[in-house]
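> Dock chain B against chain A, hints included.
This is what each chain is made of:
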Amino acid sequence: MNDSQQHLEHLAEMRSLMERSTRFLSLSGLSGVWAGCCALVGAFFVRNYLELQFLGGNNATDLLYDRSGQSSNAGLGYETTLVLAALIVLVTALAGGWFFTARKARQRGERVWESSSRRLLWALLLPLTTGGIFCLALLYWNLIAFLAPATLVFYGLALLNGSKYTLGDVGSLGLLQIGLGLIGMFFPGRGLELWAIGFGVLHILYGGWMYYKYDR
Amino acid sequence: MKDILTQLNPVFDHRNRLGIMSILAVNDWVDYGTLKELLNLTDGNLASHMKPLEAAEYVEYRKQFVGRRPQTTYAATAAGKTAFKAHLDALEAMLKFGKDI
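Top line first, the protein sequences correspond to chains A and B.
Just so you know, the first sequence maps onto residues 1 to 216 in the working numbering.
Just so you know, the second sequence maps onto residues 1001 to 1101 in the working numbering.
So that you can see chain A by itself, here it is in the shape it has in the complex (with noise of 0.2 Å):
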């Protein structure tokens, strides 16, 4: 009996190992959270932004898809302003979701450079520049209204593709937000609501659940 106990051990010692060497653990669920918030407050701000450039009085996000002529305010025009918002956004988003997700490592022994986050660095990152020429693409040809729909889009392919190396649930996450984003294809009006229930709201749930299972 006592050597099936070793074995026992042996078996959940080797179970340990195959996961630790495939994916990376230290993926703080703080990060989502952050990135949520992040997010919330971009689409806020986009949103008056567009409401005080455009004084009709009517739903402000329409004009993101019904456009004629150019810009007309003085100072930057609105395109630039959304794609600054964004990028905004985004280094906040990373730069936050960096330091929780370290500290996180740190917590635990382990390092945040090390092949398993290199190789889910990597699976994120072939479909967020292909969505990202992709955005320009359509910013190119002033097709605005899909912009919001297809990051997400994007962003859900990402995550689905990075789920492999890493805590399982994002890959879930990773569907709810391909969904919105097809959803979005067909709403062009609804695209900052729904960027801002995907990037907002999904990840604070999705963050503040994975902390709870996680990370405490």
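Quick caveat, the hints were computed from the structure, so don't treat them as lab data.
Hints should not be assumed to be uniformly reliable.
Claimed, not checked - Derived DSS-like pairs (lysine-lysine); straight-line CA-CA distance at most 25 Å:
no., chain 1, residue 1, chain 2, residue 2
1, A, Lys-164, B, Lys-1081
2, A, Lys-164, B, Lys-1085
3, A, Lys-164, B, Lys-1036
4, B, Lys-1081, B, Lys-1096
5, B, Lys-1036, B, Lys-1051
6, B, Lys-1051, B, Lys-1085
Then chain B, alone, in the frame of chain A:
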């Protein structure tokens, strides 16, 4: 019971060797440093457990230069994966029997 015991592969008769094979079973090529870190072993310790696995041709290695530093990476051979799986099956069967005894 005797049948099962003979199926247990003596080459895998150590937790560190089981650990090495576990990692190599689910990864393509793994460098020496990563193995050492995951298994929490010293240089000499890892090398001494790698030797019997190499001798049985269960693992293969290649040496290359990353920048100026030589790096050794390891992979499980097809024979190694088959033997590892057979060993796990035998372990499983043994544990099942163990409960009845």
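> Now, for every hint given, state plainly whether the structure supports it.
Outcome of the hint check:
Straight-line distance between C-alpha atoms of Lys-164/A and Lys-1081/B comes to about 21 Å, which keeps the hinted pair within the 25 Å bound. At most 25 Å may separate the alpha-carbon atoms for a hinted pair to count; Lys-164/A and Lys-1085/B meet this at roughly 22 Å. Restraint check for Lys-164/A and Lys-1036/B: the C-alpha separation of about 23 Å stays at or below 25 Å, so the hint holds. Between Lys-1081/B and Lys-1096/B the CA atoms are separated by roughly 23 Å; this keeps the pair inside 25 Å, and the hint holds.
Taken as a hint, the Lys-1036/B and Lys-1051/B pair is honoured in the structure, with Cα atoms around 15 Å apart against an allowance of 25 Å. Restraint check for Lys-1051/B and Lys-1085/B: satisfied, since their Cα atoms lie roughly 20 Å apart, inside the 25 Å limit.
Violated hints are absent here; each numbered hint is respected by the structure.
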